[in-house]
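Peer 1: The sequence shown begins at 1 in our numbering and counts up one residue at a time.
Do not rely on the hints blindly, as some may be mistaken.
Calculated pairs, DSS-like style, for lysine-lysine (alpha carbon to alpha carbon, straight line, at most 27 Å) [claimed, not checked]:
#1 Lys-211 with Lys-124
#2 Lys-164 with Lys-73
#3 Lys-143 with Lys-124
#4 Lys-211 with Lys-73
#5 Lys-112 with Lys-73
#6 Lys-124 with Lys-70
#7 Lys-112 with Lys-70
#8 Lys-70 with Lys-164
#9 Lys-164 with Lys-106
#10 Lys-112 with Lys-164
#11 Lys-120 with Lys-73
#12 Lys-253 with Lys-295
#13 Lys-3 with Lys-244
#14 Lys-211 with Lys-143
#15 Lys-203 with Lys-244
#16 Lys-211 with Lys-164
#17 Lys-203 with Lys-164
#18 Lys-124 with Lys-106
#19 Lys-8 with Lys-244
#20 Lys-120 with Lys-143
#21 Lys-203 with Lys-124
#22 Lys-106 with Lys-73
#23 Lys-197 with Lys-244
#24 Lys-203 with Lys-70
#25 Lys-197 with Lys-250
#26 Lys-112 with Lys-124
#27 Lys-124 with Lys-164
#28 Lys-73 with Lys-124
#29 Lys-143 with Lys-106
#30 Lys-70 with Lys-211
#31 Lys-164 with Lys-120
#32 Lys-295 with Lys-244
#33 Lys-143 with Lys-164
#34 Lys-203 with Lys-143
#35 Lys-120 with Lys-106
#36 Lys-295 with Lys-197
#37 Lys-106 with Lys-70
#38 Lys-120 with Lys-70
#39 Lys-211 with Lys-197
Hints are computed from structural coordinates only; laboratory data are not their basis.
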Amino acid sequence: MSKLIMRKVILAILGVIFILIGAAGLVLPFLPGWVFIFAGFSLIVPRVAARLKRRLLRKFSKHELVYLQKWRKSGVHAGFTTRHFPLFLSQTDDLLDPQNRSEFRKLLAESKVASAHGMKPISKFAFLNQVHGNNVAALEDEKALGDGAFHPLNQNDGVITRLKDLALLVMTADCLPIFMKAPGWVGLVHAGWRGTKGEVAKKAYQLLRQKSGCRNAEVEVIFGPCIGFDQYEVGPEFREFFPKRSLREKREKLFFDLAGENKRQLLLAGACRRNITELDLCTVEDNEDYYSFRKEEDAAGRMVSFVVMQDSFSSGYHFITEST
Numbered sequence: 001m002s003k004l005i006m007r008k009v010i011l012a013i014l015g016v017i018f019i020l021i022g023a024a025g026l027v028l029p030f031l032p033g034w035v036f037i038f039a040g041f042s043l044i045v046p047r048v049a050a051r052l053k054r055r056l057l058r059k060f061s062k063h064e065l066v067y068l069q070k071w072r073k074s075g076v077h078a079g080f081t082t083r084h085f086p087l088f089l090s091q092t093d094d095l096l097d098p099q100n101r102s103e104f105r106k107l108l109a110e111s112k113v114a115s116a117h118g119m120k121p122i123s124k125f126a127f128l129n130q131v132h133g134n135n136v137a138a139l140e141d142e143k144a145l146g147d148g149a150f151h152p153l154n155q156n157d158g159v160i161t162r163l164k165d166l167a168l169l170v171m172t173a174d175c176l177p178i179f180m181k182a183p184g185w186v187g188l189v190h191a192g193w194r195g196t197k198g199e200v201a202k203k204a205y206q207l208l209r210q211k212s213g214c215r216n217a218e219v220e221v222i223f224g225p226c227i228g229f230d231q232y233e234v235g236p237e238f239r240e241f242f243p244k245r246s247l248r249e250k251r252e253k254l255f256f257d258l259a260g261e262n263k264r265q266l267l268l269a270g271a272c273r274r275n276i277t278e279l280d281l282c283t284v285e286d287n288e289d290y291y292s293f294r295k296e297e298d299a300a301g302r303m304v305s306f307v308v309m310q311d312s313f314s315s316g317y318h319f320i321t322e323s324t
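Taking the hints into account, I'd like the entire structure generated from these sequences.
Peer 2: What follows is the structure in structure tokens.
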């Protein structure tokens, strides 16, 4: 029996065991039944499990804000808005407008996220003046930020910081927002195809490790919503920019795996596969909940991703509706 067949048999057996444990967990209160059932399906039929995961996430995407509780116990708040968020922003420069700044800050301060998860009102924000490049800023000195609540970072598509109570912001509508966390540091990256070509995520990851002095195993990464592999049609020039594994030809059309290529680059940089979480949310397929420039063109708004260090709490994912 070949190694591949043996591996499939072992995974199938483990999958069945997990599903049986999960079934028992549906009647036994001390076992998380659905967790084991989902894990079992992931081992036996990973594509079906991925579709189930997407359906679950779509349900929570009906809310105005998706809050990622995975890092909450280490004192990090992270999440992103959906198209149901009350404030419509069409480009990064919209946060230069005092009225938009005030409204955005107010909505976060009054949200259920703050009351349910202990996220204190944020007094300072740093947002990227995204240029589809690969420059990454490191914010270490609070004095360098100066006065005022909002601080634009010109000519940058990535930022890391060790400053507490400073929220990093990225705006996207097909491009990939990448959240990063290391001991005492957080980061946020805007990865479009040009930034991905310039390995912006890899640069941010390496800078985060260098500044924090941590090991690869201590860095965690989460991918937010972006345009999916099956929706991102590109030109033949992409064959010169990216490896074959990040491209797919279908019906004489070429498609690019934006999230997959960024994951590949992070793994090459030393990131641990188990520490990279992909939410598998496609801005085109899930357009009723997320903005897509590819689909809506100039009518598209922008989602705002955020990450900020404050205090400590619990783990897991939690999705919650913002208060208006």
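Peer 1: Run every hint past the structure and note whether it holds.
Peer 2: Hints versus structure:
Proposed proximity of Lys-211 and Lys-124 is supported: the alpha carbons are some 21 Å apart, at most 27 Å. Between Lys-164 and Lys-73 the CA atoms are separated by roughly 15 Å; this keeps the pair inside 27 Å, and the hint holds. The hinted pair formed by Lys-143 and Lys-124 meets the criterion: a straight-line CA distance of about 12 Å does not exceed 27 Å. Proximity of Lys-211 to Lys-73 is assessed by CA-CA distance (about 22 Å); at most 27 Å being required, the pair is judged to hold.
At most 27 Å may separate the alpha-carbon atoms for a hinted pair to count; Lys-112 and Lys-73 meet this at roughly 18 Å. Taking the CA atoms of Lys-124 and Lys-70, the gap is near 23 Å; set against the 27 Å cutoff, the hint holds. A C-alpha spacing of about 17 Å is found between Lys-112 and Lys-70, which places the hinted pair at or below 27 Å, so the restraint holds. Between Lys-70 and Lys-164, the direct Cα distance comes to roughly 18 Å. Compliance with the 27 Å bound is thereby established for this hinted pair.
At roughly 19 Å between alpha-carbon atoms, Lys-164 and Lys-106 fall within 27 Å of each other, so this suggested pair holds. Only pairs whose Cα atoms come within 27 Å are accepted, and Lys-112 paired with Lys-164 is accepted, the gap being roughly 21 Å. Of the supplied pair hints, the one linking Lys-120 and Lys-73 holds, its CA atoms being roughly 15 Å apart against a limit of 27 Å. Simply put, Lys-253 and Lys-295 have alpha-carbon atoms about 17 Å apart, close enough for the 27 Å limit, and the pair holds.
As the CA atoms of Lys-3 and Lys-244 are separated by approximately 25 Å, the hinted pair is consistent with the 27 Å bound. For the hint linking Lys-211 to Lys-143, the alpha-carbon distance of about 18 Å falls within 27 Å, and the restraint holds. Simply put, Lys-203 and Lys-244 have alpha-carbon atoms about 22 Å apart, close enough for the 27 Å limit, and the pair holds. Straight-line distance between C-alpha atoms of Lys-211 and Lys-164 comes to about 15 Å, which keeps the hinted pair within the 27 Å bound.
At most 27 Å may separate the alpha-carbon atoms for a hinted pair to count; Lys-203 and Lys-164 meet this at roughly 22 Å. A threshold of 27 Å between alpha carbons decides the hint, and for Lys-124 with Lys-106 the separation of about 13 Å falls inside it, so the pair holds. About 25 Å separates the Cα atoms of Lys-8 and Lys-244, which keeps this hinted pair within 27 Å; it holds. As the CA atoms of Lys-120 and Lys-143 are separated by approximately 21 Å, the hinted pair is consistent with the 27 Å bound.
Our distance criterion of 27 Å between C-alpha atoms is met by Lys-203 and Lys-124, whose separation comes to about 25 Å. The suggested pairing of Lys-106 with Lys-73 holds, with an alpha-carbon distance near 25 Å, which does not exceed 27 Å. Pair hint Lys-197 plus Lys-244 holds up; C-alpha atoms about 14 Å apart against a cutoff of 27 Å. This hinted pair checks out: Lys-203 and Lys-70 have alpha carbons roughly 24 Å apart, not beyond 27 Å.
At most 27 Å may separate the alpha-carbon atoms for a hinted pair to count; Lys-197 and Lys-250 meet this at roughly 22 Å. Annotation: proposed proximity of Lys-112 to Lys-124 holds, straight-line Cα distance about 20 Å (limit 27 Å). For the suggested pair Lys-124 and Lys-164, the alpha carbons sit about 10 Å apart, so the restraint of at most 27 Å is met. Distance hint between Lys-73 and Lys-124 is fulfilled; the C-alpha atoms sit about 22 Å from each other, no more than 27 Å.
The suggested pairing of Lys-143 with Lys-106 holds, with an alpha-carbon distance near 24 Å, which does not exceed 27 Å. Taken as a hint, the Lys-70 and Lys-211 pair is honoured in the structure, with Cα atoms around 23 Å apart against an allowance of 27 Å. In summary, the hint linking Lys-164 to Lys-120 is supported, as the alpha carbons are separated by about 11 Å, within the 27 Å threshold. At most 27 Å may separate the alpha-carbon atoms for a hinted pair to count; Lys-295 and Lys-244 meet this at roughly 25 Å.
Our distance criterion of 27 Å between C-alpha atoms is met by Lys-143 and Lys-164, whose separation comes to about 13 Å. In summary, the hint linking Lys-203 to Lys-143 is supported, as the alpha carbons are separated by about 25 Å, within the 27 Å threshold. For a cut-off of 27 Å, the pair hint linking Lys-120 to Lys-106 stands: about 12 Å separates their Cα positions. For the hint pairing Lys-295 with Lys-197, the CA-to-CA distance comes to about 22 Å; that is within 27 Å, so the pair holds.
Between the alpha carbons of Lys-106 and Lys-70 the distance comes to roughly 24 Å, so the proposed pair stays at or under 27 Å and holds. Restraint check for Lys-120 and Lys-70: satisfied, since their Cα atoms lie roughly 18 Å apart, inside the 27 Å limit. Restraint check for Lys-211 and Lys-197: satisfied, since their Cα atoms lie roughly 24 Å apart, inside the 27 Å limit.
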